[in-house]
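Chains as they are written, first to last, in this note's numbering: chain A, 24 to 412; chain B, 19 to 151.
No wet-lab data here; the hints were simulated from the structure.
As the structure is a prediction and not an experimental result, all values here were calculated from the model.
Where hints are given, some of them may not hold.
Residues from chain B shown here face chain A by an in silico Cβ test under 10 angstroms; the list is partial [stated by the list, open to error]:
#, residue
1, Val57
2, Phe58
3, Glu60
4, Ala63
5, Thr66
6, Val80
7, Val83
8, Asn91
9, Glu96
10, Asn98
11, Ala99
12, Lys104
13, Thr107
14, Gly137
15, Glu139
16, Glu143
Cβ atoms here follow ideal geometry from the backbone N, Cα and C, with glycine treated the same way.
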Amino acid sequence: MESVNSPANSALRKTPLNALHRRLGAKMVNFGGWDMPVEYPRSGGLVAEHKAVRNGVGMFDVSHMGDIRIHHAKHPGGALKAVQHLTMNDASKLAIGQAQYSAMLYPEGTFVDDVIVHRLGEDDYLLVINAGTREKDISWVRKNTANFDCTVEDLSDSYTQLAIQGPRATDVLRKLTDANLDGVKNYWFTHGTVCGLKNTLIARTGYTGEDGFETYIPAEVATSERVWNAVMDAGREFGIVVCGLGARNTLRLESKMALYEHEISDSINVWEAGLERYCKMDKGDFLGRAGLEKARAAGVTRTLVGLEMVERGIARDGYRCLDESGNVIGVVTSGSPSPTLGKNIALAYVPPTMSAIRTIVCVEIRTQRCKAHVVATPFYKRLRKVSAN
Amino acid sequence: MGYPTQYRYTKEHEWIDAKGDTATIGITDYAQNELGDVVFVELPAAGTKLVAGKTFSSVESVKAVSEIYAPANGEVVEANAELHNKPETINSDPHGAGWLVKIKLANPAEVSALMDAAGYEAYIEEKKKEASA
Chain A
24 MESVNSPANS
34 ALRKTPLNAL
44 HRRLGAKMVN
54 FGGWDMPVEY
64 PRSGGLVAEH
74 KAVRNGVGMF
84 DVSHMGDIRI
94 HHAKHPGGAL
104 KAVQHLTMND
114 ASKLAIGQAQ
124 YSAMLYPEGT
134 FVDDVIVHRL
144 GEDDYLLVIN
154 AGTREKDISW
164 VRKNTANFDC
174 TVEDLSDSYT
184 QLAIQGPRAT
194 DVLRKLTDAN
204 LDGVKNYWFT
214 HGTVCGLKNT
224 LIARTGYTGE
234 DGFETYIPAE
244 VATSERVWNA
254 VMDAGREFGI
264 VVCGLGARNT
274 LRLESKMALY
284 EHEISDSINV
294 WEAGLERYCK
304 MDKGDFLGRA
314 GLEKARAAGV
324 TRTLVGLEMV
334 ERGIARDGYR
344 CLDESGNVIG
354 VVTSGSPSPT
364 LGKNIALAYV
374 PPTMSAIRTI
384 VCVEIRTQRC
394 KAHVVATPFY
404 KRLRKVSAN
Chain B
19 MGYPTQYRYT
29 KEHEWIDAKG
39 DTATIGITDY
49 AQNELGDVVF
59 VELPAAGTKL
69 VAGKTFSSVE
79 SVKAVSEIYA
89 PANGEVVEAN
99 AELHNKPETI
109 NSDPHGAGWL
119 VKIKLANPAE
129 VSALMDAAGY
139 EAYIEEKKKE
149 ASA
């Protein structure tokens, strides 16, 4: 067996909670150059962590995510113009306190990264970006806003980002903040005191397909550990568990949320990834728009589908997809057993002609060819509470 | 969990329990702990030839696939069919009911060249130190 537990490596980057994770006995892995917890045996491991988030509440350290603030234009609207140029969704539709899923694109219409754009103030935006693409993203933003009227600030190392996720997340966070959490809708945010830290950003966002919050606190070790422990104490009565990136991955996969270098990359475009509802072609020009027009005219040759294994076997990232005659037709971008569904699921790129529900697609698993079929996605969708008003 | 003293061990965390010219092979407690919840096991059919140091099986947790390497040369007599329905037995009883295959050894003498329990325990202590350094 090959070891999955990597030694502490001084070359790897660490979040302010790194020492705490090690004290908690987490299994650590190299994730995009970061020394991160993949699972905590004391939480019961990946499956227990996953189920806690679906049924109760779990907490993740996601401080490896990056943050870019775009603001301080000399003339009002300068920052918005820069954000509109950089990202594919329509940031002009955002109210102050609202966030949106979006992406930065190369001229070809392929992905620099996917981002969440938060409108902090009148002409003030925060882009939350991926860990593995931090340096690339920040230089991309700087280069492409050089002629715009705004200031670009890299705040990536300023925050410890904690994700508190699951149907009981509100119950936990409510005990620690004066903010009115019930007034914060999905993909909105507020500022409030959290564990005595004034003016803390609390966003109703996440990467699990579950209700929950992501909160941004100062990136000092002592403060970060204090807040982490306070959340654990507050969450005890709700059965909170600490969760690693392993559960984060299975949770986002069940919800069909894209992961950079898997479902999206510098060689996959918006149409292929099926993210067109976050791409506003009519908002005016933006980076990647012309490339997307061209790609649309040329026709889409592959599309992202959900697969469920019919035969025994687990599809994994990078495995080839074949038709029933054995011709290579595509590739698995993410694959795993689904702890919620008890089935083996995957996301894969296949030709549009093979994308209809129930189409048989074979996955090459080592030396075997295992049958799967195309299923509707997301694989898992939470039941939202029906609001009385 | 203790490491049975009559077993021999590999650096890749397989164990082998040889009795005469037959042997049982499995993965160690350390290995199952590293893997996490085992959800899938692929085993060779009876009659399959094992080559020492070459992969003959794979054990999968939710997050990863691990190749399992043959500790010795031989031929599969029986694979543990129980694992198809209960792969988690590898987690709960790695040195017992979680065995993978029984083989007929090509050369029973080669097993004694592997690490004994004390040697293996010293080896994994080193591994653990590296991981927490």
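Consistency of the hints with the structure:
1. For the restraint placing valine 57 of chain B at the interface with chain A, the shortest Cβ-Cβ distance is roughly 5 angstroms, inside the 10 angstroms limit, so the hint holds.
2. Taking 10 angstroms as the C-beta contact cut-off toward chain A, the hint placing phenylalanine 58 of chain B at the interface holds, the least distance being around 5 angstroms.
3. At about 8 angstroms, the closest approach between the beta carbon of glutamate 60 of chain B and any beta carbon in chain A falls short of 10 angstroms, and the interface hint on this residue holds.
4. Given hint, alanine 63 of chain B at the interface with chain A, is violated; its Cβ is 13 angstroms from that chain's nearest Cβ, farther than 10 angstroms.
5. A distance limit of 10 angstroms between C-beta atoms decides the matter here; for threonine 66 of chain B the minimum to chain A is near 12 angstroms, and the interface restraint is violated.
6. For the restraint placing valine 80 of chain B at the interface with chain A, the shortest Cβ-Cβ distance is roughly 5 angstroms, inside the 10 angstroms limit, so the hint holds.
7. Proximity of valine 83 of chain B to chain A holds as hinted, the smallest CB-CB distance being about 6 angstroms (cut-off 10 angstroms).
8. Hint on asparagine 91 of chain B is violated. Least Cβ distance to chain A is approximately 19 angstroms, over the 10 angstroms limit.
9. The interface hint given for glutamate 96 of chain B is broken, as the beta carbon of that residue sits about 19 angstroms from the closest beta carbon of chain A, more than 10 angstroms.
10. Interface restraint check for asparagine 98 of chain B: the shortest CB-CB distance to chain A comes to about 16 angstroms, outside 10 angstroms, so the restraint is violated.
11. The beta carbon of alanine 99 of chain B is not positioned within 10 angstroms of any beta carbon in chain A (closest approach about 13 angstroms), and the interface hint is therefore violated.
12. Taking 10 angstroms as the C-beta contact cut-off toward chain A, the hint placing lysine 104 of chain B at the interface is violated, the least distance being around 14 angstroms.
13. Hint status for threonine 107 of chain B: violated, given a least beta-carbon distance of 16 angstroms to chain A, over 10 angstroms.
14. Taking 10 angstroms as the C-beta contact cut-off toward chain A, the hint placing glycine 137 of chain B at the interface is violated, the least distance being around 17 angstroms.
15. A hinted interface residue such as glutamate 139 of chain B counts as satisfied when its beta carbon comes closer than 10 angstroms to some beta carbon of chain A; here the least separation is about 16 angstroms, so the hint is violated.
16. This hint is violated: glutamate 143 of chain B has a C-beta 14 angstroms from the nearest C-beta of chain A, more than the 10 angstroms allowed.
Violated hints, in rising order: 4, 5, 8, 9, 10, 11, 12, 13, 14, 15 and 16; the structure is consistent with all others.
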